[in-house]
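Let's have the full structure, built from the sequences with the hints guiding it.
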Amino acid sequence: MKTDKKENNKLGISMRARLMLVIVAAVTLEATFIIQYVYSQREIKKEASLRAESELKSAENKIMDIVNQTEAAVRNSIWVAEWCLEYPDSLERIPQRVVSENPVVVGSTMALVPNYSEKHPFYAPYAARDLETSKIRMLSLATEEYDYPSMEWFTKPLELNDSYWSEPYFDENGGDILMTTFSMPIKDKDGVVAAILTADISLDWLTNLIGGIKVYPNAFNLVVSRSGQILVCPVETLVMQTTLDKIAQESEDYETFDRVNRSILSGQSGELPVRYHGQTSHVYFSPVERTGWFLSIVLPEKELYSGVRRIGMIVILLQLLGLAMLIIILRVVAKNQNKYLRVNEQKERMENELHIAREIQMAMIPKSFPPFPERKDLDLSAAIIPAKEVGGDLYDFFIRDEKLFFCIGDVSGKGIPASLVMAVTRSLFRAMSAHEDSPAKIITSMNNSMAETNESTMFVTFFCGVLDLKAGQLRYCNAGHNPPMILTDAIRILPVEPNLSLGILKGMDFIEQETPFYYDDALFLYTDGLSEAENVAQEQFGEARIRAALHGRKPSENHLANIEQQVSRFVGEAPQSDDLTMLFIHYLGNADKKTFHLTLHNNVEQIALLPEYVETVAKAAQLDNETIFNLNLALEEAVSNVILYAYPEGTDNVVDIEAKADGNQVSFVITDSGKPFDPTAKEEVDIDAEITDRPIGGLGIHLVRTIMDKVSYERKEEKNILTLILTTKND
Amino acid sequence: MEVNITRENNTITVHFSGRMDTLGAQEITPQMNALADEAYGTIIMDCTNLTYICSTGLRIFLALRKSAADKGGKVIVRNICDDIRNVFMMTGFLNLFEIQSYN
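The listed protein sequences derive, respectively, from chains A and B.
Residue numbers for the first sequence follow the working numbering, so the first one is 1 and each next one is one higher.
Residue numbers for the second sequence follow the working numbering, so the first one is 1 and each next one is one higher.
Note that these hints are calculated values from the structure, not bench results.
It is possible that some hints are incorrect.
Computed footprint of chain A on chain B; a stretch qualifies when at least three of its residues, placed anywhere within it, have a C-beta under 8 Å from a C-beta of chain A [stated by the list, open to error]:
| hint | stretch |
| --- | --- |
| 1 | 4-11 |
| 2 | 20-27 |
| 3 | 41-48 |
| 4 | 75-89 |
Within a straight-line C-alpha distance of at most 20 Å, the following computed EDC-like cross-link-like pairs (lysine to aspartate or glutamate) qualify [what the hints assert, rightly or not]:
| hint | chain 1 | residue 1 | chain 2 | residue 2 |
| --- | --- | --- | --- | --- |
| 5 | B | K74 | A | E684 |
| 6 | B | K74 | A | E690 |
| 7 | B | K66 | A | E615 |
| 8 | A | K187 | A | E152 |
| 9 | A | K710 | A | E684 |
| 10 | B | K71 | A | E152 |
| 11 | A | K119 | A | E132 |
| 12 | B | K66 | A | E658 |
| 13 | B | K71 | A | E690 |
| 14 | A | K619 | B | D83 |
| 15 | A | K376 | A | D686 |
| 16 | B | K66 | A | E47 |
| 17 | B | K66 | A | E690 |
This structure is a prediction, so every number in the text was calculated from the model and none was measured.
Yeah, the Cβ is synthetic: ideal placement off N, Cα and C, and Gly gets one too.
Structure, rendered in structure tokens:
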């Protein structure tokens, strides 16, 4: 349940991270895309506007070419026309000449102002080019139906007294051809306008010319007359049928449309966006001189941006594809990650289980210290500092029949197998030592049992000892373990036989060894986790450092803590690679057989060594603190006397102290070779005397006498021998 | 062994701390002998932090007590531990000194 929840959490976080990643990627892509899109639109618009401008200019140039030709056709005939005014009968030659000499012109008339000529009050001979045969026919416009003097082409130039381009119109006579007429007033010698000379041109070419301009496939062009009539337009039905104004009114964007119209009508060129029938178009427009026409290119925005839109669509598709791939990749990665997490979790669980297994094993090992608080003859402590990896160190001890059984061992290898072997070893030790007192026999049985079932060829270095607490005798057997150190007056390595390790060969004989054990002797057992503890520089802690750490030993529990501290200081940051196990056995039995020595020089500073010495002796005699204080005081008084007065000043001499503590008394024998001096011969001070009568000296020997039960002096072989005896309260 | 002497009005307080063994007592003897000249007032021997005393130390106490007796002063021993009280008893000092105890 717990792990499921944990897994969900892990997935959740990873999902959120993935989502965030995708969102960030999408936003970045889209932002870049939008910026790029907007800029390209702007560039495209600029480009389109340049193109439209140049197309308009070129179209206008072509139109002006025709316009100029037409105007030239008329103007070139002005002198003839003026001349002919005097010969009205020859007037019809003028239009005939204009048409025949100018292929652009399809029709021409020389229309007299009514009643200018008496002979011909209404006269307008008209030359028309037959568009199919190219022959020129002569007609007269002075008919009743036509009433030429009321026509625009006639009235406007008369009114303006200047040339004039008419509004385009459909020629009713010559078929449905869109025409326009250039009119020029002709003046007589008196400067009076006598006639109007015209040239008609067809606007078919205009449609072809303008319609042929294709800035973009769906762009279209318009030509609008000065009154707003549509002259050229892709929708032919609109030609001459509607005005810009009407279109504007249909538009949903009348205002902009109106602005276009007004700009056009006031003769400006420019560009404006217009909405018409639901789509926005860019309208470029430019006036054509003299004619009053307007050229316009209409570019639907859709068309304008169709390229960039298409690219945009492709980019968006690619982006979506990329995002989809990103999502898939993230998912795969997350899946792998989950797998990895699950593997890790498994590993963690295994490690956890291993840890628990190890804790169970550790629980087998005695771990409360002091383990035998009721025993005064034994001080024992042990420590296992497990490495991160599970190892197979062990120690064990117990007391049976006044004998201390103890062992230390190190299983080869690490991990679960080692820890399992360790558990087996410990159980075997307990089983074999339950009824057997000989360490060699215990080890032999253990070895046989282990070698028989040892299929994984693991072995155990093992040291087993049996300390007879009453007799002070240590029997031991070593099976390939590093030899322990024995601490007596000096620190030595306990001599061991080179036996094989446990579990290697069945039927092996193990040699047993023994050594007497005295009061205050100690045994220090350890595994190679201590001697081979490495620091960062890969130096090993080594035997020399162990010896140094053991030197000046104190009660054992502090001792191990001290060694641990030294090791951890030595190792520093380096990871611990192996279990570190230590077992320290401090024997305090057989005290009555022990003599405690202390030799002091005749220097008052040496007195500082007394308290520790007294403490050691007192511990052997199991004295209480008050007695220790008094014993210390008595000894100091006796010794300081010797140090201060026995030898001449400035000489280096010694005072020897020998102490014994059996169950009944503690005795100190203080020996010096100074001048003869018997403190017991001194007269007792009267401690009840009045202050004025109290002597300053004599207090020292008084204290010695008061504290000790027996004080005796003898002079023997040039030596002062002072014996102090304290009867202890024990039985 | 450390000794610290403070003076307030007519009272001299001597604070002892540590072990007054033979060496320690020898070290403070000159300082303590100097106090003999001022033994007309009250001298408080504060033994709150004194853990041990030997006969050489006792002799300092005794000498000061004698000076006080001569000069009409007073020596008060303050806060002695049980071990030292025992020593005082063994040497008859309990009768010679005014002993004060308080926490």
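Are K66 of chain B and E658 of chain A close enough, with their CA atoms no more than 20 Å apart? With a Cα-Cα distance of about 39 Å, the restraint between K66 of chain B and E658 of chain A is violated, given a limit of 20 Å.
8 Å C-beta test of the stretch 20-27 of chain B against chain A, three or more residues: Answer holds; 4 residues pass the 8 Å Cβ test.
Holds or violated: K376 of chain A and D686 of chain A, Cα atoms, limit 20 Å. Judged against 20 Å, a Cα distance of about 41 Å means the pair is violated.
Using a Cβ cutoff of 8 Å, are there at least 3 residues of the stretch 75-89 of chain B near chain A, or does the coverage claim fail? holds (count 4)
If you draw a straight line from the CA of K71 of chain B to the CA of E152 of chain A, is it 20 Å or shorter? Given pair K71 of chain B, E152 of chain A is violated - Cα atoms ~157 Å apart, limit 20 Å.
Chain A covers the stretch 4-11 of chain B, three or more CB atoms within 8 Å, holds or violated: Violated, because only 0 residues of the stretch 4-11 of chain B bring their Cβ atoms closer than 8 Å to Cβ atoms of chain A.
For the pair supplied as a hint, K619 of chain A and D83 of chain B, is the alpha-carbon distance within the 20 Å limit? OK: K619 of chain A and D83 of chain B at ~18 Å, within 20 Å.
Given hint E690 of chain A paired with K74 of chain B - CA-CA distance at most 20 Å: holds, 15 Å
Are K66 of chain B and E690 of chain A close enough, with their CA atoms no more than 20 Å apart? It holds: about 10 Å lies between the C-alpha atoms, which stays within 20 Å.
For the stretch 41-48 of chain B, do three or more residues have a beta carbon lying closer than 8 Å to a beta carbon of chain A? violated (count 0)
Between K119 of chain A and E132 of chain A, is the straight-line Cα distance small enough, at 20 Å or below? Measuring from Cα to Cα gives roughly 35 Å; hence the hint is violated.
Starting from K66 of chain B, check that the Cα of E615 of chain A is at most 20 Å away, please. Not satisfied, since the Cα-Cα distance of roughly 35 Å exceeds 20 Å.
Hint compliance for this structure: hints 1, 3, 5, 7, 10, 11, 12, 15 and 16 are broken, all remaining hints hold.
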